[in-house]
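Trainee: Chain order of the listed sequences is A and B.
Residue numbering for the first sequence follows UniProt numbering, starting at 1 and increasing by one per position.
Residue numbering for the second sequence follows UniProt numbering, starting at 1 and increasing by one per position.
If you're looking for bench data, these hints aren't it; they were derived computationally from the structure.
One should not assume that every hint holds.
DEER-style ranges, computed between Cβ atoms [to be verified]:
hint, chain 1, residue 1, chain 2, residue 2, range
1, A, S80, B, H51, 39 to 45 Å
2, B, R80, A, R8, 37 to 43 Å
3, B, Q199, A, L614, 24 to 30 Å
4, B, D301, A, G669, 21 to 27 Å
5, A, D674, B, G99, 50 to 56 Å
6, A, L50, B, D14, 53 to 59 Å
7, B, L193, A, G13, 44 to 50 Å
8, B, D301, A, D25, 49 to 55 Å
9, A, N183, B, A44, 54 to 60 Å
10, A, R109, B, G99, 21 to 27 Å
Covered stretches of chain B, as calculated for chain A (at least 3 residues, CB under 8 Å) [said to hold, decoys possible]:
hint, stretch
11, 128-142
12, 231-238
13, 308-318
If you want the footprint, here are the derived chain A segments under chain B, 3+ residues with CB under 8 Å [unchecked claim]:
hint, stretch
14, 99-105
15, 140-147
16, 318-327
17, 558-571
Bear in mind that the values here come from a model prediction, so they are computed numbers and not experimental data.
The beta carbon of each residue, even a glycine, is placed where N, CA and C say it ideally should be.
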Amino acid sequence: MTDRLEGREKVTGTARYAFEYPVRDAAYAAAVQASVGKGRVASVGAEAALRLPGVLAVLSCENPPELSDTSDGELALFQSRTVSYRGQFVAAVVAETLETAREAARLLRVEYAEEEAPDVGLRADHPGLYKPDKVNPVFPADTEQGEPEEAFAGSDVRVDAVYTTPAEHNNPMEPHATIARWNDDGSLTLYDSNQGASTVQSTIAKIFGLERGRVHVVSPHVGGGFGSKGTPRPNVVLAAMAARAAGRPVKFAVPRQQMFATTGYRTPTVQRVRLGAGGDGRLNAILHEVAEQTSTVKEFAEQTATPTRTLYRAPHRLTSHRVVPLDVPTPSWMRAPGETPGMFALETAMDELAVATGIDPVELRVRNDTDRDPESGLPFSSRNLVACLREGAERFGWAGRDPRPGARQEGRKLVGMGVASSTYPAYQSPNQATARAEPDGTFTVRIAAADIGTGARTALALIAAETLKEDLADIRMEIGDSSFPRASVAGGSGGTAGWGTAVVRACEALRGKLNGAVPPEGVEASADTGDELKARAAYARHAFGAQFAEVEVDADTGEVRVRRMLGVFAAGRIINPTTARSQFIGGMTMGVGMALMEQSVMDREFGDYLTRDLAQYHVPACADIRDVDAAWVEESDPHLNPMGAKGIGEIGIVGAAAAVGNAVHHATGIRVRDLPITPARLLPEL
Amino acid sequence: MRPFAYERATSAEDALRRHQDGAVYLGGGTNLVDLMRLGVEEPARLVDVAHLPYDQIELRPDGSLVIGAAVTNSAVAADRTVREGHPVLAQAVLAGASGQIRNLATVGGNLLQRTRCSYFQDASKPCNKRAPGSGCPAREGEHHNLAIMGHSDACVATHPSDMAVALAALDASVRVRGRGGERTVPIEDLYRLPGDEPQRDTTLEAGDLITAVEVPVLGVPSRYRKVRERASFAFALVSIAAALDVDGGRVRDVRLALGGVAHKPWRARRAEEALRGAEATEESFVRAAEAELEAAEPLRDNAYKVPLARNLIVRTLTELGEES
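With the rest of the complex left out, here is chain A:
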């Protein structure tokens, strides 16, 4: 139980975030967004803007800043006149002050030609849908085993339903922000808010034609990301371009309103799930077919149906992904991309199967457990789904549940309980780290890992202290800097597992080197886990969990409030219970938001997201989260990494929305298959 090591700095405001670095002589950038949904920029009139005192430079396609690599359309700013979606950055201004920059941006006259009506509507029968070569990151788009269609048709009990989830936006507290400074030697320093300094370093180096070592990315504290900062966004490129054009350091933070078009979001989905089972609830066929969107700028194909490949046993199986390029902002990672919307559909369908068979929803999931990964046939490194379901049911008081929908009423409130499974892969990437013994008896451990609020810094320090058999107080954990050994991105719940392995190996190597007194220059050891990972035995490695929710639905208004929620997880060894619990309940809270309120509303005429601030885009407020608790089962898994740890950043959200939705069905008898479950959706059925 260790508090965040940097907790005091954060609550007292001394922890520095990207925009806050006291860079001398800094100027400010403001970006202009396309006001058409599809077309071409005919001209950018900069006269009025340039007349404003304090304006230093205008960037646009009229005079495209030179880039060495333009292969990523989202990052190739101002290189083309094509407008691919409304809100795309089409120009920018640099000025002495932020206010001047914004006013000048407003004065730019962007004229458009060949404007066309944008196509922004995702639907399951869109003629542009195609099968991607792979889905994020490298999964096959389709899988099939047995004779799924025939087996489904011949099953005693069948569920066949279509589920939709809306676009959702990550909305970290700290916006995407960068300070860029070109140094006298031609190198570039970036104070940047991101989920991986090494990734930003290599991407930006390529774009600006620099050797990797000539780009220095500084990111010790990051105010959230949820995946949106996992890959560099236009803000970094814009800041670097602007600094070059102005000949001064430039600060650029993406205003909240502009984040909705330019910093990624979760694709909306249309999912058809078919479950065929015997009267005993044992699955015979599982079919999960997904339609989702990407932009015309680049393909992002999300792996929505992949959890269905792992979760339950069934001899006949089919999963497929189809994606359509629309005139929309480019979707990207958002907390458990793929698994989160996919598991809403699958786990709601499982609840429908429970209702259809009359089998208790917990028991139904237990009955369909599997000891081998159903599609790959690999053994699981560990799998404790059943333990999570059983322990969760016990702790939550599931046994007293009257299975009849609408059975429990308290005044004008309808009360119900729901359950859903969770699963998320236990990813791990190659990493490097150094550990150093200092002459004063302390130790310095370095890795370019990112702490985006997860407690990663603290977990890594604990891992180092344990490996070195030293006090935590003697460990100096240094992360968030691209000059440190190269690290994988904080994403895919792979941070602690991947970085931690490198820290363990570096500390082990250091212990091997320590022999008597430490010389004045210290003793350093380093590690690279690339070979170790390649040599790992083949296992299906996943975390599992069970989510329980109790909701009340107001019979007069259709308002849904989650009274209590419990998640029980099996995620290997928990390194630090304090921050782990925060990760779990944070994910569950985000799942409550997904279930009940989060949606980015697309305007069909103009082609942009209308919900553009936190007053319009609703995430749960404190009053919505009454009693959310997380627990975990002891799990010892020798096939993961030296810590025995699985990632925990994402397992908390997976399944949470389905648990809430299933509880709403239990409370009311109404099945809402289209998220979010709002009064507008629920009331007409009540």
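With chain A's structure known, arrange chain B on it following the hints.
Mentor: Okay, now just chain B, sitting in the frame of chain A:
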């Protein structure tokens, strides 16, 4: 944000004098400053009136209240006389915004806040309220939280204030200092329906300064109920302010106002009319609600507001009936 001048008024007369050449009064700034950042409002001059001596809540001997226009929302909600004598008002204020916003927002500014329609807030799109004659994309676009009553082809926006809904039910008036001196305007006459001039939210004239709100004595049970997707910090899908006086099983008096349904706080006069003298039963409440909502003209995606408003009227009156 466009450059602007900032001036602090020292008195109502001073404020009036300074209100010229594209000036706008500034209260707590919780709405106006947002709109300036969005480029929706572009005043050349802000005349700060938050520091004028209108920061007291006065309880008059008859139990009525005079609430100064510069009193913060937090102070209204926390005031003991308000909570005891006009609970509907305290509840409405607490249902609005967040604690941080209520600490800054003022009564005068609250009443004059502008719609949260997403087209109005986005200066890159047409909007008859923001740019008269440019069109109303909300009518065919995203309107699931917009008006079902009293809207026009030109505008389907709703008024966002919770406080105004309670004040409408309370028969409150605003004191206005204008170029022609001081006058009193009933809340119902302060706000207007959009018609073909949706850019005008109120009947105030240029330079008019709200100095106080007068709230008559109530003396019967009252309640504010606000329906929304999340439990706080969200605008109403539909809200209701109600007060009910039952005597011998019959309705002696009733006040009903709805929020989130129209361009202004919607005083439900037809429902009130149907209820006065009627038996205080659920059947009467249903009849009254339906009488009111006959006038509803929901748009494509907000028809749910009609049963929502009906249920709210019936449920709130039933609960108040049980209290009286």
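Trainee: For every hint, state whether the structure bears it out.
Mentor: Going down the list of hints, with the structure as the test:
1. A:S80 <-> B:H51: 39 to 45 Å: violated (52 Å)
2. B:R80 <-> A:R8: 37 to 43 Å: Holds: the Cβ-Cβ distance is about 40 Å, inside 37 to 43 Å.
3. B:Q199 <-> A:L614: 24 to 30 Å: holds (27 Å)
4. B:D301 <-> A:G669: 21 to 27 Å: Hint holds: Cβ distance 24 Å, inside 21 to 27 Å.
5. A:D674 <-> B:G99: 50 to 56 Å: For D674 (chain A) and G99 (chain B) the Cβ distance comes to about 33 Å; the hint is violated.
6. A:L50 <-> B:D14: 53 to 59 Å: violated (39 Å)
7. B:L193 <-> A:G13: 44 to 50 Å: holds (48 Å)
8. B:D301 <-> A:D25: 49 to 55 Å: holds (51 Å)
9. A:N183 <-> B:A44: 54 to 60 Å: violated (43 Å)
10. A:R109 <-> B:G99: 21 to 27 Å: violated (42 Å)
11. 128-142: holds (count 4)
12. 231-238: It holds: at least three residues are needed, and the stretch 231-238 of chain B offers 6 whose Cβ sits within less than 8 Å of chain A.
13. 308-318: Since three or more residues must qualify, the claim that chain A covers the stretch 308-318 of chain B holds, with 5 doing so at under 8 Å.
14. 99-105: Coverage by chain B holds here, the residue count being 3 at a Cβ distance below 8 Å.
15. 140-147: violated (count 0)
16. 318-327: The restraint on the stretch 318-327 of chain A is violated, since only 0 of its residues have a Cβ under 8 Å from chain B and three are required.
17. 558-571: holds (count 3)
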